[in-house]
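Spelled out, the chains give:
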Amino acid sequence: MTFTKQLFIGLVGAIMVTGTMSSVAVAFEPDKPIEFIIMAGKGGGADKMARLMQAIVEKENLSSRPLFPTNKSGGSGAEALISAKNASDPDHTIMVTLNSFFTTPLRQPGLQIDNTTFAPIGRMAEDSFLLWVHKDSGITTFEQYLETAKADGTKWVMGGTGRAGEDNIITNYLNNEFGLSMKYIPYQGGGEVAKQVAGKQLNSSVNNPSEALGFYESGDLIPLVAFTDERLPLFPDVPTLKELGNDFSYFMQRAVVGAPGMSDDALVYYTDLFTKVYASADWQEYKTKQSLMGDFMSGAPLKEYWNAQNARHTVILRASGDIK
Amino acid sequence: MDILISLLDGIMVALQPINLGLAVLGVVVGLFVGAMPGLGSVNGVAILLPFTFVIQSITGGATSPMIFLAAIYYGAMYGGAISSITLGIPGASTAVSTTFDGRPMALSGRAHIALVAAALASFVGGTIANVMFTGFAPLLAAVALSFGDPEVFALMLMAFATFIGLGGDDIPKTIFSICIGLVLATVGFDIVSGEPRLIFFDITGFSHGIRFLVLAIGVYGIGEMLWTINTNRHGTSMTQVDVSARSIIEAIKEFRHAKRGTLIGSFLGFFVGILPAAGATPGALMAYGVAKLTSKDQSSFGKGNVNGIAAPEAANNSASTGAMLPMMTLGIPGSPTTAVLLAGMVIWGLQPGPLLFTNQPDFVWPLIGSFYVSNVIAVLVNLAFIPVFLWMLRMPFTILAPMIFVLSLVGTYAAYLDMFDVSLMVLVGIAAFFLRILDYPVAPAVLAIVLGPIAEPKLRQSLLFSDGDFSIFFTRPIAGPITMIALILIFLPLIKFVKNKITAKKT
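Residue numbers (the numbering used here), protein chains in the order written: chain F, 1158 to 1481; chain R, 903 to 1409.
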């Protein structure tokens, strides 16, 4: 069979699939490429995830129009939020979010972003956080960590992604709860943070599993404690902070949202699209491999989840002095 | 020996018909994407990433899709030089410094020499980088790891030092130009504090910062076009071009004069490339600066010195191979393009990291083998197409000027799909034209906007680390010597300048 023949059959197939899809009276169909805003820079956890979703949509032929990813990493997500809010065509603008979806509108009220106006398409996963140190630090338990970090005072340096983001929140918590005075240095992406710890430029980090996995496998980085409710299947020997007696867990939402003003029909379409992405074998495999948690969530429950997260982050950021 | 055997095996896999076919296809696609103003390797790779799943479903493993993407990357690095030389618009951000000498050479009827030099220098740069990659990957990964924030900042300082030599003899104007670039580089959101800066008139477009390509196309596309119109007001000019095979052979012979630039570019580019900072663009710019700085004939740079083409072209190819190193061994991208490749690797089910070479030899070695193969394909394809590109130059400027204008508009829009960028680009072009009339060098401003966003956070992260103590740049074993050399390079011309002033006053 020649390539053109294959292509022709493929095209006919694609037309038939889209044909049958529209005949089931779908009220909304994208009629141009869908802008897929990524709230973070290229190469980070959110970016990889977004490109995987794009690939799954493409591979399984889930959408008649392609997703077009654009990275808008400026200002801890502020750039992405503004551009989604001002989207000229909200029905063709979706965004993959992190927790800056909650923290940035709180920290910068001047942006006038109300995150509950975004369309709740679907939460694809919740990412977890662990505390990492270099193997040469000689630290193997969380208790040793606290001792060393306390002794080092401000000489102990923690790296993380951005100001007042997830990593900063966990660092502040550790400082307050355990009487530490670790220094926090913000970087552009989690991959860079993990590299700085592996290169012994920083003392510790609170990377997501996916960001530190390469260095974990090589033995350079050691996880000490997980900020989750239960132990992670990928790290069965790493205790949770809860087990150690502190009632604290922290997750990052990995959700796809629609631009404010998206029509209900479009929301239905995208929810259906990402339900299919979530159910795909590739997504499930990725979730397991990268140690992602959380089930699919959309619509009203997702909005409730956002409200709860907004309330929680207000408390956290107020305690750290980032907002009044 | 083990390495050589693995490499030979890898090359054999890369030469299998399907992989060879994909490499040829990738190189040709990359060459044209790169030659198109505005579009560079990052666009080519990102657009075709989903297509690799089709390849994967046919061939099975992750090797063939990666060979395809790497070939696009390679091809684009070669292609970027083409519009830089023939039209004066940088084909990609990595090829900006190629316009400095490429355009003057084309205008003086030596386009064939410039294009051939670009192709051959790219080939040499790519080959040297491949050899270093093959032989010393684990060692180089350790070097990349040992570069913390102060080290990267020291390196950026050194790059700034080479600027001083870029602006001609008027040092105050050069410094002024650098400052404009640095100010423009701070527009957008600050990483360290998370606060917005210089968002003029609350326009959202400024929140992502002023993109380098917008500035580059504005300055070299629109600005250069206006300049040519202004200088050729009386009568239309037509560039004399010889497209015969004889001229190409003659040009290949001419390449021997570009030896120095090629070598500087190859090694410097590779080294900058392996540092997870920004990849090939700063590498190419620094190579140009160093080639000029160390040249006996500095004044000929910017007027058509073939070394001024060879250095950045060798550097952007070797830097792009170099940038693969932190991507594969550390899991962090050294350039925007490798960020997309990294996403691809994860999607294909590979885990980049220090163990990739041990755990996935079946992926790594054929890929490295394909670097060698793609490099050979790219130089052959490029040389074959040169007469076509030369032929374009035969168009009179009255036809070429509108084409440059349209390509600048389309190219800017295609790069980020943002209309704001297009208006900004035109404004920048007009501003650059007037700066040039007032005899201000614009190249230093362009360079400052590339390096500023890398240098600034590194400076501040270092100072956070040291509680504001600047000695951190002098006391660390790697950062210390680099900082010292940089400072000497910065002050040398200043001392010379002051000395000249004094002697001038005496006489």
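Worth flagging that the hints you see were computed from the coordinates, not collected in a lab.
Heads up, some of the hints might be wrong.
[Stated by the list, open to error] Stretches of chain F that chain R covers, calculated by requiring three or more beta carbons in the stretch to come under 8 Å of a beta carbon on chain R: (1) 1218 to 1227; (2) 1231 to 1238; (3) 1342 to 1354; (4) 1371 to 1382.
Cβ coordinates follow ideal geometry from the N, Cα and C atoms, glycine included.
Hint by hint, here is what the structure shows:
no.: 1; hint: 1218 to 1227; verdict: holds (count 4)
no.: 2; hint: 1231 to 1238; verdict: holds (count 5)
no.: 3; hint: 1342 to 1354; verdict: holds (count 10)
no.: 4; hint: 1371 to 1382; verdict: holds (count 5)
Every hint, counting from the list given before, is met by this structure.
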